[in-house]
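K.L.:
For reference, the chains in residue letters:
2 protein chains.
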Amino acid sequence: MLVLASGSVGRRALLANAGVPHDVMPAPIDEDAAKASLRARGLGPGNVAKALAELKALDVSARRPEDLVLGCDQTLALSDGTLIDKAPDRAVLESQLRLLSGKTHTLFSAMVVAHQGVPVWRHVEGVNLTMRVLSDAFIADYLEAEGDVLLGCVGGYRIEGRGVQLFSDIAGSHFAIVGLPLLPLLAFLRTQGVVAT
Amino acid sequence: MLVLASGSVGRRALLANAGVPHDVMPAPIDEDAAKASLRARGLGPGNVAKALAELKALDVSARRPEDLVLGCDQTLALSDGTLIDKAPDRAVLESQLRLLSGKTHTLFSAMVVAHQGVPVWRHVEGVNLTMRVLSDAFIADYLEAEGDVLLGCVGGYRIEGRGVQLFSDIAGSHFAIVGLPLLPLLAFLRTQGVVAT
Chain R
1 MLVLASGSVG RRALLANAGV PHDVMPAPID EDAAKASLRA RGLGPGNVAK ALAELKALDV
61 SARRPEDLVL GCDQTLALSD GTLIDKAPDR AVLESQLRLL SGKTHTLFSA MVVAHQGVPV
121 WRHVEGVNLT MRVLSDAFIA DYLEAEGDVL LGCVGGYRIE GRGVQLFSDI AGSHFAIVGL
181 PLLPLLAFLR TQGVVAT
Chain W
198 MLVLASGSVG RRALLANAGV PHDVMPAPID EDAAKASLRA RGLGPGNVAK ALAELKALDV
258 SARRPEDLVL GCDQTLALSD GTLIDKAPDR AVLESQLRLL SGKTHTLFSA MVVAHQGVPV
318 WRHVEGVNLT MRVLSDAFIA DYLEAEGDVL LGCVGGYRIE GRGVQLFSDI AGSHFAIVGL
378 PLLPLLAFLR TQGVVAT
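First to last, the sequence lines map onto chains R and W.
Going by my numbering, the residue at position 39 of the first sequence is 39; the numbering climbs one at a time, nothing skipped.
Count along the second sequence from 1, add 197, and you get the number used in my numbering.
Keep in mind the hints are simulated off the structure, nothing from the lab.
Among these hints, one or two may not hold up.
Unchecked claim - Partial chain R-side listing against chain W, Cβ under 7 Å, derived:
1) LEU186
2) THR191
3) GLN192
4) ALA196
Just so you know, even glycine gets a beta-carbon here, dropped at the ideal spot from N, CA and C.
Bound conformation, chain R alone (with noise of 0.2 Å):
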């Protein structure tokens, strides 16, 4: 059995549609805490993203060892190198898209399978998005009609709802935005016939 070691509303509707069997079991972890001490040994955010991914899966594997146990994270850099974590509150939500708007960011997109305690597949990878410039009212209404729930999505958008209308381009995979890349964990679940071939 796959157990997600994810909340994220996104991720759970990707794998059920794709009619991949699961459990779902979040990872209780401290993310800004062990955020702050990967980054503070000097990790990259893609590097950042798998390390996190990597300790959802294997704290959730303790529980399930017999289960292959699939932990996810995503991170968000500008081009100059600035991390943006998911915000607190609708105010640093704000904010953060100001800083967003009209330039281009790379979001990481990171999942590890863990068995019986042990990492057993690692993904990385990264799409270039670039958000048109966006106007005061506009993001005054798009806070309005997203709510609170953007404060679970990194970057504060959801690519498959309201999100779309902040970007002028977007170069990557659809799935790795919304936080799951399912064709290359599609790939790995049919060689562990979690999946069929």
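Start from chain R and add chain W according to the hints.
P.N.:
This is chain W only, laid out in the frame that chain R set:
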């Protein structure tokens, strides 16, 4: 007001999820007959899709002249030029999947907006999708799980559903695969005041 001249559930969901206000009025076009006539004129798959999208947009525009009417179409071609249409029944669908299995095809997605009976905007883009080699058992299970909804899908897959399991590689826009390239459409709709800037 934007009027979607398509009954596609996937397209309606994309527009609704993106927060684009719209009506739906499918164009009662005999697609097979129109397609045959366009091909007889020697049009390639991208231009066939564009001509059909325009036909649908103009048909509905005659009844909704004051609105912006969006017609859409998709065509699918193998690299050797073979064209694949929507399957009329499950047996044809199965033979199409066997034909596409292990090969790369191009899915063309066209949109035309009409206003007062005149086309005012056009967009066509292609996506290259590579299908892995599908086992007979997989195809049988897949057709059973997805059901007759696939008969409305060029190529016999919904990428937003179990169809993602068919592919090893996808190069291009997710929204174009679903049948509504949202980024260029939203950019146009912003110039028309249909969505906010």
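K.L.:
Run every hint past the structure and note whether it holds.
P.N.:
Verification of the supplied hints:
1. LEU186: holds, 6 Å
2. THR191: With a minimum Cβ separation of about 12 Å from chain W (threshold 7 Å), the hint on THR191 of chain R is violated.
3. GLN192: violated, 14 Å
4. ALA196: Given a least distance of 5 Å, the restraint on ALA196 of chain R holds.
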